[in-house]
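Listed below, chain by chain, are the residues.
6 protein chains.
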Amino acid sequence: MKISDMNWRQVEDYLQTDNRAILPLGSTEQHGGLSLSVDSILSEKIALDAAEPLGIPVFPVLSYGLTPYFLAFPGSVSLRVETYVRMMRDILDCLKRQGFRRILLVNGHGGNQPAASLAIEWMADNPDVAVKFHNWWNAPRTFARVQEIDPVASHASWMENFPWTRLPGVIQPAQQKPMVDAARLRVMGPEAVRAYLGDGNYGGYYERPDAEMLSIWSVAVEETRALIEGPWA
Amino acid sequence: MKISDMNWRQVEDYLQTDNRAILPLGSTEQHGGLSLSVDSILSEKIALDAAEPLGIPVFPVLSYGLTPYFLAFPGSVSLRVETYVRMMRDILDCLKRQGFRRILLVNGHGGNQPAASLAIEWMADNPDVAVKFHNWWNAPRTFARVQEIDPVASHASWMENFPWTRLPGVIQPAQQKPMVDAARLRVMGPEAVRAYLGDGNYGGYYERPDAEMLSIWSVAVEETRALIEGPWA
Amino acid sequence: MKISDMNWRQVEDYLQTDNRAILPLGSTEQHGGLSLSVDSILSEKIALDAAEPLGIPVFPVLSYGLTPYFLAFPGSVSLRVETYVRMMRDILDCLKRQGFRRILLVNGHGGNQPAASLAIEWMADNPDVAVKFHNWWNAPRTFARVQEIDPVASHASWMENFPWTRLPGVIQPAQQKPMVDAARLRVMGPEAVRAYLGDGNYGGYYERPDAEMLSIWSVAVEETRALIEGPWA
Amino acid sequence: MKISDMNWRQVEDYLQTDNRAILPLGSTEQHGGLSLSVDSILSEKIALDAAEPLGIPVFPVLSYGLTPYFLAFPGSVSLRVETYVRMMRDILDCLKRQGFRRILLVNGHGGNQPAASLAIEWMADNPDVAVKFHNWWNAPRTFARVQEIDPVASHASWMENFPWTRLPGVIQPAQQKPMVDAARLRVMGPEAVRAYLGDGNYGGYYERPDAEMLSIWSVAVEETRALIEGPWA
Amino acid sequence: MKISDMNWRQVEDYLQTDNRAILPLGSTEQHGGLSLSVDSILSEKIALDAAEPLGIPVFPVLSYGLTPYFLAFPGSVSLRVETYVRMMRDILDCLKRQGFRRILLVNGHGGNQPAASLAIEWMADNPDVAVKFHNWWNAPRTFARVQEIDPVASHASWMENFPWTRLPGVIQPAQQKPMVDAARLRVMGPEAVRAYLGDGNYGGYYERPDAEMLSIWSVAVEETRALIEGPWA
Amino acid sequence: MKISDMNWRQVEDYLQTDNRAILPLGSTEQHGGLSLSVDSILSEKIALDAAEPLGIPVFPVLSYGLTPYFLAFPGSVSLRVETYVRMMRDILDCLKRQGFRRILLVNGHGGNQPAASLAIEWMADNPDVAVKFHNWWNAPRTFARVQEIDPVASHASWMENFPWTRLPGVIQPAQQKPMVDAARLRVMGPEAVRAYLGDGNYGGYYERPDAEMLSIWSVAVEETRALIEGPWA
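Protein chains in written order, with our numbering: chain A, 13 to 245; chain B, 13 to 245; chain C, 13 to 245; chain D, 13 to 245; chain E, 13 to 245; chain F, 13 to 245.
The shape of chain A in the complex, shown without the other chains (with noise of 0.2 Å):
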């Protein structure tokens, strides 16, 4: 149940007898021939199709996140860390004033893991709130899901070419690209990213067959679906 198809009595007429939340963190960059905005449509999608069947509302999915690396692909845009978690502290300030005592941080970048650090510092000031951070994509069992399909996958490789992030008139290229040396590539500033990553993928085909992805989407609504429904403590 996504807050933007809700009113506010809604919302206060679920928390009668609820108190769980959904916040999915997304980011706004490079995913080679992918949206730009891939992280932010899996992001919240996965919270959407998980909270479906249990009425939990999804907060508007924060569309720009900590990917300062990939600065040197035009339509990247990343925040500071500073910045970063005052605007969860802020967020979670906000639920918990309202009565929300549960709150899934559905996330869709590895960048963003700032948030977890938050999550838990702002738990010792507000110690009746519990909240989860959830990688939703490298979850125990969505990432065996995709191991067992193909382990060579990575960032705006196939693992991210879902029918809801690939873009119209987008040729990919065919063969599977050799994974990057991650190592390298984190001690490097963006321009050197850029001109290593070429097109910015990081490894693996950039297509696989549709059946193999909803495979691993279904796995992965269900995982993110058993952490709201708990426990939570």
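Hints may be right or wrong, so weigh each one.
The list treats identical chains as interchangeable, and a pair is accepted whether it falls inside one copy or across any two copies.
Mimicking EDC-like on lysine to aspartate or glutamate, the simulated pairs with C-alpha atoms at most 20 Å apart in a straight line are [stated by the list, open to error]:
(1) K108 with D137
(2) K108 with E203
(3) K144 with E203
(4) K144 with D193
(5) K144 with D61
(6) K14 with E24
(7) K144 with D102
(8) K189 with E160
Don't read these hints as lab results, they were simulated from the structure.
Position chains B, C, D, E and F relative to chain A; hints supplied.
Just chains B, C, D, E and F now, kept in the frame of chain A:
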């Protein structure tokens, strides 16, 4: 053209011949019986409709803004002023780094005014980039059209009730609510605001014929488009 | 009653029977041929004149505000938005700690608007204190009086030329300057603003008869006094 | 020469031949029976008197400083250290932008010491500008003159009781208050400080003959003027 | 080579021929019966042992990190995320200013992960400096050695019990503690964490033979040294 | 008693009967031919020696402080004032949370003075905790002993040359360096400071007999111990 419907190469190609970008500013806050995302929906859609024939990219809307007075209405989320201006600065810094030089902020929520202050501060640090801050709903021509139709118009009234902000199954009251006293409202804390506002509408009818609404929309799209076209200095 | 003309015991005595305070917000910035302190002088004097018969204490004016667009005019000083809202929060926190519960911010400079946003944010944290933000010069009655006298009135024009803001020995031009284009101004960096503005006046005559000025002052004092008197919620 | 008595062109003219500026740092805080603005009045007046024959501009005093220990004395206002150093940095940045290269901070309140730390930090970022931090009241010659007259001198005692800081109608006690124990004071919270201090004086007589006061003033003006004159490196 | 065992001239001489530096990141937090400084001791000693034959300087360990979940265990100290990233930025800025261009952060505490995010953000601002973030204890080869010895290993278990982290006179339990449920732990406030953890160990034996410990150490020193040696891009 | 030599249970036991703690504040900065860690080594050792017979725990020294003027001397690291006061606040918050109520900051570096300002600000927020700020080296009795031995004593001179701060193999000059002009130094940027200071010593001999040094140490330990013993209010 949504950034979400582009990949980085398409943005790079665009930057060969143009340097404009649009960033919509929304809010997640009570709008009476309408969607909690009214301000996000409207600012993003105005931006997209205005930009469409010009081919200017529209970045994802900032879904969270400054709305502390509504914090007693469940589902409303407010960032701190400091957080908001930091977020704006970070985003503008990234856009500049990639070559954007003319940026239109299409704002959908009056409370976000400090973004305008930040934009001007930021231009003092970055005098080679022009940033326009545009309150789409009270720009001269759009506001004149609203007044022409019905001068009793306000937050969460008919004036924000478009086919894309109303919720299925929600019946709006038929009467015309008297205008609240805005001066009194401005010195109240959130709980007092809620007690005083009741359903959230600041005054006026709750809905009006779609033909009227679309005529407002059409003026607003044109007025916003004119700002994109320029002049820019 | 100036706080500068009181000692702490006198403030303590005052707080036995009242809980109002006034804080004027000024700016140090170019005002054409007028004093660089126009906004500080006017906001503090309006506050003092309005408060005088009521015996409400007026704290020292905040002499520095937000005015990045004027930074190419020597003598202009601008704080960052973040600094300014922090300063406002600190001061409000102290006033509350000592028992003030109704605080009027008498603002003399349009660029200081984020102080209004902070005041509302602060009331969400401190709902037991009412803070009014008052732009003395464009409040309804005062602005009507200005328009009545001469609708071509603006920053650094006759409208700010009072006996207490003009400088000895400075001769003002006699002609009526055409209004500058405010929309163009808002997308310029400081150097472009200066080149465009020339002497600093935004438009209108540079001076008008004192009788007219004093009639504006008189309306403004009364209008401000009415806000001090209330209602406060 | 007060900046408040100048317009921007006069400052620009000044900058053709000199690049010095003075910024007084005050505080709004209890001073026993004296004005709550003692530190602002004194630092601004010393600055003006010292600068006068040299024609160096004096910016408006920062009326609010760091004085958390006095928060239980009504009328005292304290900024946070972080706010204060940000404010100092913003102001120094502006002065540099306009061409000032030698800046004297005339400080009137011991609690403002972090401004000195900030000034040194800021010079590490801006090595082409010299910033002197001057505690006018305990500079060597001035302090020697105070000690010569009466070594029992302290905050809110006779030593701050000048014709321009005393309040009409307030009778000062005649006796010599014993010095408080400063070490004890420094580990007390505001309420304990107030209980311990009583009337606010730290020790010493409450007033002394004007001839003595003016002799101190005269030394302080000269000592401050010497710092303006240089050397500056 | 400890910076503490050098003077500035020796550092200057070093910088004539090399530009590498090492900064260990520790934490002051409960480690069961072991020293509260386990993470500081280990990260600093690994750094020193790895750097020794290479002659690379090791700066003093950052003794305080991010550990909010342990705040109910006396002696644990946690900085805020914002503080921590500011501290990291300040230090990196200084090292760059003096000529260091390749900096290894040897991290001893998982909670310090935002330092890695900051390092990448900082490299986007300073692309001429390479910063590696190294979790010494779960780097591939070291972690493999731990797993080989005993896969039940965790915070405050045998895996952190080295001759240099154990305390004289403290007897460790002999049994193997079952692993705690890390997922549950992550949504608990500090008091709940303490109640759940009991003695602080997350699972596993409390000590193992020194020969095993030294073999882990030896692998970790070599693995860390390899990172110092490079490649660095 | 070093916190590093304790585990959390030992701290908990301690807090049953006492609530004092000590935090040494150091700096990593040039000290002529002496260790770059002089201020950290001395503040931590004084704290430990003073606390030892009393059994009061000493937290790990803050190895990085405020020293922007020395940034042109390699190996010197300076935090920003804002970072430093945030760090202090975070640490004090944690100590309070765990039951400490009397905290002694043993400072080894004059530049760290804003920590004293923060301590007082923090006590205004936390009036139930007493925080003493102690500059061990210029406290009355210690400074008197230094002056008695040799009044020409300063930063990086003999006065900081203890058996535990000198470096093996470094030969100190034999002559007495004339005192530098501290007033000039304070308005210089880092490069000018370095050029002016030469070897880093501010004036005086580079070493004196150990018997003298140990007599200073002995006074300083006793003077510091007396502060731990109290009174505390």
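Each hint, compared with the structure:
no. : hint           : result
1   : K108 with D137 : both (12 Å within a copy, 14 Å between copies)
2   : K108 with E203 : between (41 Å within a copy, 15 Å between copies)
3   : K144 with E203 : between (35 Å within a copy, 17 Å between copies)
4   : K144 with D193 : between (31 Å within a copy, 14 Å between copies)
5   : K144 with D61  : within (18 Å within a copy, 38 Å between copies)
6   : K14 with E24   : within (14 Å within a copy, 33 Å between copies)
7   : K144 with D102 : within (17 Å within a copy, 24 Å between copies)
8   : K189 with E160 : within (18 Å within a copy, 33 Å between copies)
In terms of the numbered hints stated before, the structure departs from none.
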